[in-house]
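Asker: What follows is each chain in one-letter form.
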Amino acid sequence: MSQMNGASSLVASLEAAGVDVMFGIPGGAILPAYDPIFSSSIRHILVRHEQGAGHAATGYAQVTGRVGVCIATSGPGATNLVTPLADAAMDSVPVVAITGQVPSVAIGTDAFQEADIRGITMPFAKHNYLITNPADIPRAIAEAFYIASTGRPGPVLVDIAKDALQAMTDFKYPTSVNLAGYKPKSIPDNQSILDAAALITQSSKPVFYVGGGVIKANASRELLELAQLLGAPVVTTLMARGAFPDSHPLHLGMPGMHGTVAAVTALQKADLLITLGARFDDRVTGKLSTFAVNAKVLHADIDPAEIGKNRFADVAVLGDLKNTISALIPALKSALAKNQPDLTPWLNQMNSLQAAYPLGYDKPNDGTLSPQYVIERLGKISGPEAIFAAGVGQHQMWASQFVSYENPRTWLNSGGLGTMGYAVPAAMGAKVGAPDTTVWAIDGDGCFQMTNQELTTCALNNIPIKVAIINNESLGMVRQWQTMFYEGRYSNTNLESKRVPNFPMLAEAMGCVGLSCEREEDVDATIEKAMGINDQPVVIDFRVHRDAMVWPMVAAGTSNDDIMIARETTPDWDSQEL
Amino acid sequence: MAQHILEVLVENSPGVLARVAGLFSRRAYNIERLSVGPTTDPSISQMDIVVNLEGHALEQVIAQLDKLINVISIKEIIPNKTAPAVHDTQPDYQN
Ligand SMILES: Cc1ncc(C[n+]2csc(CCOP(=O)(O)OP(=O)(O)O)c2C)c(N)n1
Ligand SMILES: [Mg+2]
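Protein chains in written order, with my numbering: chain Y, 1 to 578; chain P, 579 to 673.
None of these hints come from the bench; they were simulated from the model. For every residue, glycine included, the Cβ atom is placed at its ideal position computed from N, Cα and C. Certain hints may be false.
[Said to hold, decoys possible] As a list, the in silico DMTMM-like pairs of lysine to aspartate or glutamate whose alpha-carbon atoms are at most 25 Å apart: (1) Y/K333 <-> P/E637; (2) Y/K309 <-> P/E610; (3) Y/K183 <-> P/E589; (4) Y/K172 <-> P/E589; (5) Y/K183 <-> Y/D170; (6) P/K653 <-> Y/D281; (7) Y/K183 <-> P/D619; (8) Y/K529 <-> P/E589; (9) P/K645 <-> Y/D314; (10) Y/K183 <-> P/E585; (11) Y/K287 <-> P/E610; (12) Y/K296 <-> P/E637; (13) P/K653 <-> Y/E508; (14) Y/K287 <-> P/D619; (15) Y/K183 <-> P/E637; (16) P/K653 <-> Y/D136; (17) P/K645 <-> P/E610; (18) Y/K309 <-> P/D619; (19) P/K645 <-> Y/D116; (20) Y/K185 <-> P/E585; (21) P/K653 <-> Y/D189; (22) Y/K185 <-> P/E610; (23) Y/K380 <-> P/D626; (24) Y/K183 <-> P/D626; (25) P/K645 <-> Y/D281; (26) P/K645 <-> Y/E508; (27) Y/K296 <-> P/E610.
[Claimed, not checked] Some chain P residues flagged as far from chain Y (calculated, every beta-carbon gap over 10 Å): (28) L612; (29) P616; (30) D626; (31) L646; (32) I656.
Please work from the sequences and hints to get the whole structure.
Answerer: Set out below in structure tokens:
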């Protein structure tokens with residue numbers, strides 16, 4: 001035990017928690033903490049906006065599997081963290097946010113830069129703290145890291161009053177955390193595993209419905225073994241891209257609003273959904289009452305509240321997915337030894353759908369650049385080890401569809417909240433977590449204009465990310481909806497971003513290399529040029545056709561059965577035996 | 579619909595009432611009645627929450643409530659019985 005002020009106790013606690021990097025911006029209320037940060041072993045990266053700090057912490061966490069840390073001052077600093085913390089909550093990312101608060105005597109007086117950030121984040125944070133006594137700091141930090149990283153991961157905020165940072169205290173970091181109301185269940189019950197195995201052997205049309213939980217649990221290898229053991233088709237949701245190799249013959253691709261015909265149909269026509277770390281999100285199910293109506297549901301998750309939330313589960317398995325799948329493999333082996341269902345007809349049906357309706361796109365006939373082509377080349381040239389972070393919009397869906405993901409933690413995006421502006425700061429955090437790996441942000445021209453200032457941070461801190469702006473000079477995804485549902489009345493979706501801003505010049509102004517490309521024949525050379533620059537961030541302005549659309553599509557609120565493969569075109573179901 | 583009483587033991591920490599009330603409002607569940615009182619352990623309070631829910635909706639409320647870190651245990655008291663049947667939901671919903 002040693003005497004120090006609360007600020008030093010905070011930094012010593014963060015060191016004890018194993019933090020190696022944090023992203024933040026100082027200000028009055030958090031200023032005492034920035035003094036010990038100055039001499040700490042923890043790398044602090046000074047961002048240009050607190051939203052960037054939050055998404056960077058998220059990107060770091062998604063790539064490394066460790067807790068990402070961001071730090072901000074009271075009031076506006078803290079409220080700028082709200083979006084990335086809500087984002088981390090929706091995508092179950094372990095993040096700890098530290099905020100300064102006005103001195104405890106001033107709390108509740110509408111003091112300068114006072115905001116009730118604990119109250120503001122209460123609806124979505126996994127947990128949060130307001131600390132006014134410096135003696136509570138080490139325990140709060142230890143609990144925050146424990147809560148953020150165990151069970152279903154999520155963001156935890158620790159708000160600390162300025163006077164608690166200034167007062168003297170004894171520092172002693174707890175050796176263990178014991179919370180009466182929080183005991184995550186990581187080992188599944190044996191009976192539930194047996195029930196799951198039995199249910200699987202009764203099925204002749206099973207499909208693995210794989211969600212982001214498989215990546216969180218580092219259970220990709222186990223999933224591969226389980227899937228090959230059963231030989232059933234696999235679909236990976238937007239949050240699970242990379243959990244199962246895209247090149248694997250059992251993989252049907254992504255289900256959902258912009259999923260493949262085969263993946264969407266596999267869920268629709270299955271008699272059993274083997275649901276692993278997925279949550280029956282509306283973007284996957286479409287109109288819930290028409291979703292997979294003939295399927296039984298096996299639901300394995302670590303969060304008990306997900307069981308039965310949107311869809312009844314015939315068998316639920318609660319526990320960490322790595323443990324769950326590991327236990328399921330031998331149980332299924334012995335169940336299959338007694339009763340091996342013939343999945344061949346089902347697999348043949350799905351394979352013929354996959355062959356009939358592969359993902360594809362038409363190149364624009366006016367000679368302008370196809371956004372899908374650019375993204376496809378980015379994936380091919382960068383290779384399966386590269387990490388991709390996307391913004392939100394059409395480019396995000398194409399980045400999910402046309403890059404082939406072979407490894408977990410190589411695809412980062414804002415799936416649940418759909419946060420424009422996620423890509424650049426998340427890529428920054430990812431690159432900090434994986435400095436030797438190529439990290440691309442595939443961003444929209446709209447998204448890029450929300451958070452591109454973090455390129456300055458990247459340039460100054462030797463974080464050489466690469467950014468591909470898919471510049472369709474519009475809020476393309478919204479424009480697509482206007483094309484489809486508002487008779488082409490393009491209200492406020494024209495960004496004119498081929499005129500202003502000049503993206504390469506903007507990039508250069510921030511200390512990056514700025515490139516531009518608008519002809520198909522220049523795409524490879526431009527990407528290769530960017531691949532060759534590793535001492536500076538690079539930004540490529542890909543000036544693409546504006547009217548490209550994302551297909552397939554299940555319109556919001558409609559049934560997955562009504563999937564469109566192009567405008568007013570549905571698959572030719574009569575030619576398929578389903 | 580039958581009324582159900584949830585006997586919820588919570589850590590006696592600041593903000594815990596806001597956490598519970600906020601959960602009901604954001605997930606659009608109605609609270610019929612709510613009372614908070616001390617227990618013999620000063621670090622633990624008891625909330626009695628009366629809800630007009632049953633079946634699936636009730637299970638969801640309990641599961642979501644149990645996700646709150648400050649919620650220690652939840653007992654569901656089944657109404658309209660002379661000797662109320664009490665079953666502890668804790669084993670299933672240990673978060
Ligand atoms: C912060 C935020 N504001 C608004 C939206 C609604 N929205 C979804 S996609 C989109 C367009 C994104 O435009 P761009 O970044 O250019 O991507 P594109 O669809 O053109 O590829 C908008 C405005 C959002 N998801 N996030
Ligand atoms: Mg755009």
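Asker: Does the structure keep P/K653 and Y/E508 at a Cα separation of 25 Å or less?
Answerer: Given pair P/K653, Y/E508 is violated - Cα atoms ~62 Å apart, limit 25 Å.
Asker: Taking the minimum C-beta separation from P/P616 to chain Y, is that value above 10 Å?
Answerer: 16 Å, holds
Asker: Measure nothing beyond the straight line between the CA atoms of Y/K185 and P/E610; if it is 25 Å or shorter, mark the hint as holding.
Answerer: 31 Å, violated
Asker: Take a quick look at P/L612 and tell me if its Cβ sits farther than 10 Å from every Cβ on chain Y, holds or violated.
Answerer: Consistent with the label, P/L612 stays out of reach of chain Y, its closest Cβ about 17 Å off (over 10 Å).
Asker: Compare the distance between the alpha carbons of P/K645 and Y/D116 with 25 Å, and conclude whether the hinted pair is satisfied.
Answerer: Holds, because 22 Å separates the two Cα atoms, which is no more than 25 Å.
Asker: Below or equal to 25 Å on CA atoms is what counts here, so check Y/K183 against P/E589.
Answerer: It holds: about 15 Å lies between the C-alpha atoms, which stays within 25 Å.
Asker: Mind checking the alpha carbons of Y/K309 and P/D619 for me, to see if they're no more than 25 Å apart?
Answerer: Violated, because 34 Å separates the two Cα atoms, which is more than 25 Å.
Asker: Is the Cα-Cα distance between Y/K380 and P/D626 25 Å or less?
Answerer: 59 Å, violated
Asker: Just to be careful, I want the Cα atoms of Y/K287 and P/D619 compared with a cutoff of 25 Å; is the pair within it?
Answerer: Measuring from Cα to Cα gives roughly 48 Å; hence the hint is violated.
Asker: Has the given pair, Y/K309 with P/E610, been kept, meaning a C-alpha gap of at most 25 Å?
Answerer: Satisfied, since the Cα-Cα distance of roughly 22 Å is no more than 25 Å.
Asker: Take a quick look at whether Y/K185 and P/E585 sit within 25 Å of each other, Cα to Cα.
Answerer: Given pair Y/K185, P/E585 holds - Cα atoms ~22 Å apart, limit 25 Å.
Asker: Would you check the hint for Y/K183 and Y/D170, treating anything up to 25 Å between C-alpha atoms as holding?
Answerer: Outside the cut-off at roughly 28 Å; violated.
When held up to the earlier numbered hints, the structure conflicts with 1, 5, 6, 8, 11, 13, 14, 16, 18, 22, 23, 26, 27, 31 and fits the remainder.
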